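Enquirer: The chain contents come next:
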Amino acid sequence: MRPKLVARGICKRYGVVTALEPTDLDVRAGEFLTLLGPSGSGKTTLLQLVCGLTEASEGSLHVDGVDQIDVPVHRRDVGLVFQHYALFPHLTVAENIAFPLKMRGRDARDVAHRVGEALAMVHMQDYGARFPRELSGGQQQRVALARCFVYQPAIILMDEPLGALDRKLRDHMQMEIKHLHRMSGATIIYVTHDQEEALALSDRICLMNHARIEQLGSPQEIYTRPCSEFAADFIGVSNILRGDVVAGPDGGAALETPNGRFVLPRDARPGARAALVVRPEQLSLDPSSPNRIEAQVRDVVFAGSEQRVVAALPSGEEMVMRLPPTLAAPARGATIAMGWAPDDAAVVP
Amino acid sequence: MTAAIRSRRAPPGLAWLAAPGVAFLALFFVYPVASLLLLSLGDPQTGDLSVASYKRLFTTDVYLRVLLITFRISAQTALLSLALGYPLAYWLAGLPERRRGKALLLVVIPFWTSYLVKTFAWMIMLGRNGVVNTLLAGAGVIGEPLSLINNEFGVLVGMVHTMIPLAVMTMLPVMISVDRRLVAAAQTLGATPTQAFWLVYYKLSFPGVAAAGLLVFISSLGFFIVPAFLGGRQQTMLAQLIITQITELLNWSFAGALAMLMLIAALVAVALYDRLFGMSSLAGGGGRGGGDGWLRRAGLKGLETAAAAASVIAGAARTLLGPRLARLALPAYGAAAIAFLILPTFLVVPIAFTSSQFLDFPPPGYSLRWFETYFGSPLWIAATLRSFGVAAMTAMFATALGAAAAIAMANSRGRWSGALFALFLAPMIVPRIVIALGMFYLFARLGLVATNLGLVIGHTVLALPFVVVTISAVLKTYDMRLDQAAATLGADRKRILWFVTAPLIRGGLMAAFLFAFITSFDELTIAIFVSGGLATTLPKQMWDDMILQLNPTLAAVSTVVFLLVTTLLLLTETARRPRGTR
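Order-wise, the sequence lines are chains H and S.
Just so you know, the working numbering puts 340 at position 340 of the first sequence, and the rest follows in order with no gaps.
Count along the second sequence from 1, then add 1000; that gives the number in the working numbering.
These aren't lab readings, by the way, just hints derived from the structure by calculation.
Treat the hints with care, as some may be off.
Stated by the list, open to error - Taking lysine to aspartate or glutamate and the EDC-like style, the derived pairs with C-alpha atoms no more than 20 Å apart in a straight line are:
(1) K1494/S - D1483/S
(2) K168/H - D126/H
(3) K178/H - D203/H
(4) K102/H - D1492/S
(5) K102/H - D1483/S
(6) K178/H - D166/H
(7) K1476/S - E1573/S
(8) K1494/S - E196/H
(9) K178/H - E31/H
Fair warning: this is a prediction, and the values are worked out from it, not measured in the lab.
Could you build all of it, start to finish, from the sequences and the hints given here?
Expert: Rendered as structure tokens:
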């Protein structure tokens, strides 16, 4: 099946500043793709290029096989949900939602019908006659979503739509967005800097850094097989051990670090130097693990569903280990040996 | 994070929108005022270059005295307006937003009420047989009537009454922006309530106070209505002198020199202010917050002394009154100040319905005869209609020019738009009498004296600052992302303007139109020179009548003018309230 959106070599420069390096990206129809990255990583620029609020310096952009580069914003079949909603303050909720339909010249009965449907979709049936300023932040966000879904654009773009909401409401709205996505089958490109949000929502994550794509893959791929230290560090908590690659037992490879020598995963094809990424939940106190590292317990944090043990390596670096909440935690100051199965960890250049 | 989306995408080439306004001001404001300078340097008889007029000014006792009187009265007016206006503004700033809006209207109405109407009201209040004397004599407090007008007291009452609203409206935005929690924070850090007020709140509100002082001082420099009717010979001010030089003596050179002097005084005040506070606080910005050096240190020292003194007085008052009464003091003052601003004008209304030929209060009986006189007089009706027409034309011109300029400024940044803004505000800072004189000189050569077109041009110059300030304020809060949102939802440039931008700034446009209308409808300074004979405006007709003899017809006219302006203001308030606020 042809991808919904195809970008080839698209880039944006402001004078000597590069906001986005030449980038290739395919987005599948019906996919939920998240652009994830820190400030200035180019994710918002990429979003603006797709909707046309920014003109590309070079490159091509096709939606459903149609070239978009010379199409003005209002002719592109995209919807954008703004971070601060951008609801029209002089229009009621219903009038806001009707706006894109009116711009498309739909007749009044059709408009009324669709607005009603869209309001029902976001559970705001009773709020049609209100003005935006009479709504809470979460309600305004629902209206912004309805205003976007109501005209069924080919692609829906969301620019940190939950950034202004508090944590609890954000979790709730994440579920609603996921539900809307499933119900409508829309193709969604979602921008966020919150890795948990990206993991929870996405079919695929496009991790961005320094104005280019760092890694593109499913949340699971990116979490378990990060391609770089940045990717490992940005998503989830990582313990990173750096060292030189040497020959290991059974013809495999091992990593020589200041804290000891560790067996690398079987499929690893590292160069001369590499880093080993071990997630906290991959560590255990199991004495039978082939890779073991000695450390002194600095702190034990009880977090309800887990306990986090922070321990200092001989080199002074800290590692974090996750233990089940029922297990008796080691005492502060105690020396422990943490172990992991070589194939669980990931190797990055 | 989304800085790129948030930033306005300045559509290139909107700067030209300011061009018509700039050209208009260059031709009808900058050029006439500049030509006054040349005029003042010409010999009255031969027209050769000479400083004779200035020499005469500085060597003649009478003129020097008028200069000193003008500065003294202006300074006194500024100080009194600040002292009386500050607590009122402080009270307003502390009110919840909706109540503040309503209370503020009671300050806005006297601000826009015609100077002539207000002065007429004070003549009725303070005259020998006026309201105050009648009441006091009736109560047996005084035997002989007090002389309350035709002296410095009368002038100051009239000027301060006129200027308090300007002072309050200038101070208020700065005061509202001061975070009152800082005062509480200062108290938790060990300051007494009075110290906390003076050293924190007062200091933070000071840029507003200074801006108000500047505007009041400059406006007062050019006053002539109040001193003409409420003052005596000892209170003759510079603007009266200028009018006499032109209308009676036709001495252009000397009038030019007087006007230059007034302009220089105003500019010196502005420069001083700019040095100390920065121009931005005049436009409601934060300002630089004072320079460094001895002036600032001396100021701080003074403040601390004031704080200590005030804290002793306030402490004593609190123990004397008890905490409950002390808490009522501010609202009580606010109400009294608003009564002072509003009541004199209201007194004109019953007098308009008097059956007597005189301005007695209370009226011996009631009748409609003075309204009949007004509406039956072709002279009054012609003047009224002319004022209406001129005001409508002015409002249209000024709104068109000013809105275009405001949009251009909102879309450009940097030094450029700052200079533009200063140019469009300048007609508010240069004393009106100076503008009027320069314009008269220009119009005399263009054949525009005693024409409606001349009046419209002159009034447009005066109305432009109000229009630009009003529309700029609306545009400042305009969220450019709404334009982007509309674009992504399928609206092209034209539809964005029509469905989004226009409805959102419509209130500002209507308010600007009405402010311009009122400015023109009420304008006398330019009308004194430029209108006359067949082309008399309503304020000019009132002025002529008031000089000749006070009569109840004036009360009837004042009532009509007052009601009209108040109605327009209420309309403006409704227009400015955006849809979606209930």
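Enquirer: If a hint holds in the structure, say so; if it does not, say that too.
Expert: Going through the hints against the structure:
| no. | hint | verdict |
| --- | --- | --- |
| 1 | K1494/S - D1483/S | holds, 11 Å |
| 2 | K168/H - D126/H | violated, 23 Å |
| 3 | K178/H - D203/H | holds, 11 Å |
| 4 | K102/H - D1492/S | holds, 12 Å |
| 5 | K102/H - D1483/S | holds, 16 Å |
| 6 | K178/H - D166/H | holds, 18 Å |
| 7 | K1476/S - E1573/S | holds, 19 Å |
| 8 | K1494/S - E196/H | violated, 42 Å |
| 9 | K178/H - E31/H | holds, 11 Å |
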